[in-house]
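Spelled out, the chains give:
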Amino acid sequence: MREIVVISGKGGTGKTSVSASLAILANRTAVLADCDVDASNMHLAMKVEIEDRSIFKAGLEACLDSSLCKSCAICRTHCAFDAIQIENGNITIKSPLCEGCALCMELCPAKAITMKEKICGELYQSSSAAGYMIHARLNPGAENSGKLVRQVRLKARELAAKTGKQLIITDGPPGTGCPVISSISDASLALIVTEATVSGLHDMQRVIALCRHFKVPVAVCINKWDINKEKSAEIELFIKENDIPCFGRIPYDRKISESIFRREPFVLHSGAAAQALCDIWKELNLFFIRKEQ
Amino acid sequence: MICAVASGKGGTGKTFISSTMATAWKGELTLFDCDVEEPNARLFLKAETESVEEIGSEHPYLSDSHCNGCGRCASLCRFNAIMHSKGKKPLFFTELCHSCGTCMTLCPEKAIGRFVETSGTLETAHRGTMKILTGRLKTGNPLAAPLIKKILKKLDRTEENIIDCPPGTSCPFIAAVSPADYVILVTEETPFGLHDMQIAAEVLEILRKPFGIVVNKTENRVFHELNDFINKKKIEVLGRIPWSLETAQCLSRGELPEEKYSDTFAEIHLKAREDFQRKRGASL
Amino acid sequence: MKIAFSSMDGSPDSALEMRFGRAKYFVLYDTESREFSNYENQSSADAAQGAGIQAARNIVESGASAIISGHCGPKAFKALSAAAVKIFLIEEGGLSVKAALEKYLSGQVAEASNPDVEGHWI
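Chains as they are written, first to last, in our numbering: chain A, 1 to 293; chain B, 1 to 284; chain C, 1 to 122.
Worth flagging that the hints you see were computed from the coordinates, not collected in a lab.
Please note that a few of the clues may not be correct.
Said to hold, decoys possible - Pairs of lysine-lysine, DSS-like flavour, derived with a Cα cap of 25 angstroms:
{"no.": "1", "chain 1": "C", "residue 1": "103", "chain 2": "B", "residue 2": "88"}
{"no.": "2", "chain 1": "A", "residue 1": "215", "chain 2": "B", "residue 2": "138"}
{"no.": "3", "chain 1": "C", "residue 1": "103", "chain 2": "B", "residue 2": "86"}
{"no.": "4", "chain 1": "A", "residue 1": "94", "chain 2": "B", "residue 2": "86"}
{"no.": "5", "chain 1": "B", "residue 1": "154", "chain 2": "A", "residue 2": "94"}
{"no.": "6", "chain 1": "A", "residue 1": "111", "chain 2": "B", "residue 2": "89"}
{"no.": "7", "chain 1": "C", "residue 1": "24", "chain 2": "C", "residue 2": "103"}
{"no.": "8", "chain 1": "C", "residue 1": "24", "chain 2": "A", "residue 2": "116"}
{"no.": "9", "chain 1": "B", "residue 1": "260", "chain 2": "B", "residue 2": "131"}
{"no.": "10", "chain 1": "C", "residue 1": "78", "chain 2": "B", "residue 2": "88"}
{"no.": "11", "chain 1": "A", "residue 1": "94", "chain 2": "B", "residue 2": "153"}
{"no.": "12", "chain 1": "B", "residue 1": "209", "chain 2": "A", "residue 2": "94"}
{"no.": "13", "chain 1": "B", "residue 1": "86", "chain 2": "C", "residue 2": "24"}
{"no.": "14", "chain 1": "B", "residue 1": "89", "chain 2": "C", "residue 2": "78"}
Note that the coordinates shown come from a computational prediction; the quantities given were computed from them, not determined experimentally.
Given the sequences, and given the hints that come with them, work out the whole structure.
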């Protein structure tokens, strides 16, 4: 199984647009996965239809039975997360702030607090023109995104096995935190989409270090490379010195923002950016052919 | 006023807006860079770091002589941060610890104390009358929210503050917007931008935070879905910033187009203050 | 002595689960009576975090003094070592618990002295 995870370090570099375009180029040979569960966007990049949904639960949250509460506020004094607040004289628990440690439940003299499983989001299986897509939505403020990412990946693998697909194209989350680690661990290739800016370079370096640490092979492509050619050259020099292949440069093209608007991956339109994407696709396939030999 | 600048989606221009807004303010102001995984406001503002302070989180440590090996701490810990096997002393995994204090508070032998472990740094820099406080997460530390909370303890409510928030809508975002009086949500005129902004708006409603939006990189087209959302929710639009290649190039070099936007951002800031006053008045 | 195997469904014929912390069951083999039993590990498989440590606690609870699995991360390794549980890792995927046991009994599986993967293993 080939599993390509598209990541960027910095947000807004065009990760989702690249992933969606690769999905189109795969021509229904891949299962698509959106691991950016905090702000999943791949289902907006193309037209999809949700076929199946399931609830994602993780961790616990405190629940107050106000009929038992004597308003002693011991819970409030001890809560390390400021999740217990007083509103109009009543103790209330702010669900997004509660991390589920259960200290309040243990301390409550009136036994007014219980712990219940926290519903943290939903998991979806959808169909699109490019094939099946597994995506998810983490509830606002919920944590455990790493665990939801893992579920998205497992579901995608399951579906790939079931439908006989040999490829998974994953749109990864931004940053270098826990959800990114969960997205790349054990993947066949991390494709980093960077942009020709100071922060694009800096964040790419951080995410390369992360991939190296987790022993995931890395390749880079530079988006909007011609916005700052000097910065692009700097990026290319850096990756060359670190023996990382550059799979392509995507020129800045105003048609891309137009295509996002119309929910059509930009590779469907003619132009230099679409051509660059086709070249990246070719490089990806060559990479796997060489690797598997 | 404490004004947080946030966006559900990355790359919408949050740092550009918070930094430029800070430079447009006439008078003393503190800018908190709480994008602790990738803080770069200071780089745009070209201010040299003057001092670095280590910021820590409290974690449990065991006083061996008091522990009788009962294992209650391990069974109480909901984060699986404590290993206990019969007849042995517990073993703490601080990397999983949420610093909730449950084990310390409930240990029957009072055998668990606190120690502070560095989770990141706070860098101080100045630029004219602006003070820049940058939070930086130690590499490999997965928990950004506790660090952000610690850094924002430095907020002085009597003064003018801007918080540059981390992207997303999970715990770090909540930690950064929680102390704010008002939140400026930065969005783009795309289905991606709208979707992520809607999620952020939902969280702010749960937290009862007043907010307004800035639409960045606008182009000459009408995005009905965004307009419908704004009208339906009666959201204050603080400003629209047209897309400009010149600005994108300037930012790509790590420079802020301050002069070009000075008036625009002063106005956005003013509008935010007015909207805050109005909404606070309405809720009293 | 009891040996635990991370497994998908708890029977000796089920496949060896390669991820120690995420195993739904541990199959237990008693080297004296030569009998199989099992121990549920759902609490760890579902854990929001610290699955490896929760699984290690369950191993201790089950009374096993050795674990045979596919991979073991640093935290689980530390936790198991603290409880004096021996760790044996089989890299080859697709083995059944029974096949893994045979391999172990014939001395083909060496005791691990270090964790072999980073945390956050999918």
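Starting from residue 94 of chain A, check that the Cα of residue 86 of chain B is at most 25 angstroms away, please.
-> Measuring from Cα to Cα gives roughly 37 angstroms; hence the hint is violated.
Under the criterion that the straight-line Cα-Cα distance not exceed 25 angstroms, is the pair residue 103 of chain C, residue 88 of chain B satisfied?
-> Judged against 25 angstroms, a Cα distance of about 32 angstroms means the pair is violated.
With a cut-off of 25 angstroms on the C-alpha distance, tell me whether residue 89 of chain B and residue 78 of chain C pass.
-> holds (14 angstroms)
Given pair status - residue 103 of chain C, residue 24 of chain C, alpha carbons within 25 angstroms = Measuring from Cα to Cα gives roughly 22 angstroms; hence the hint holds.
Are the Cα atoms of residue 260 of chain B and residue 131 of chain B separated by 25 angstroms or less?
-> holds (22 angstroms)
Holds or violated: are the alpha carbons of residue 154 of chain B and residue 94 of chain A at most 25 angstroms from each other?
-> holds (23 angstroms)
Does the structure keep residue 24 of chain C and residue 116 of chain A at a Cα separation of 25 angstroms or less?
-> At roughly 22 angstroms apart (the allowed maximum being 25 angstroms), residue 116 of chain A and residue 24 of chain C satisfy the hint.
Are the Cα positions of residue 94 of chain A and residue 153 of chain B separated by 25 angstroms at most?
-> Holds. Residue 94 of chain A to residue 153 of chain B sits at ~20 angstroms (cutoff 25 angstroms).
Sort out whether residue 86 of chain B lies within 25 angstroms of residue 103 of chain C, counting only the CA atoms.
-> Measuring from Cα to Cα gives roughly 31 angstroms; hence the hint is violated.
Starting from residue 86 of chain B, check that the Cα of residue 24 of chain C is at most 25 angstroms away, please.
-> holds (23 angstroms)
Could you grab the alpha-carbon distance between residue 209 of chain B and residue 94 of chain A and see if it respects the 25 angstroms cut-off?
-> holds (13 angstroms)
Do the alpha carbons of residue 78 of chain C and residue 88 of chain B lie within 25 angstroms of each other, as the hint requires?
-> At roughly 14 angstroms apart (the allowed maximum being 25 angstroms), residue 88 of chain B and residue 78 of chain C satisfy the hint.
Taken one by one, the earlier hints fail for this structure at numbers 1, 3, 4, 6, listed in ascending order.
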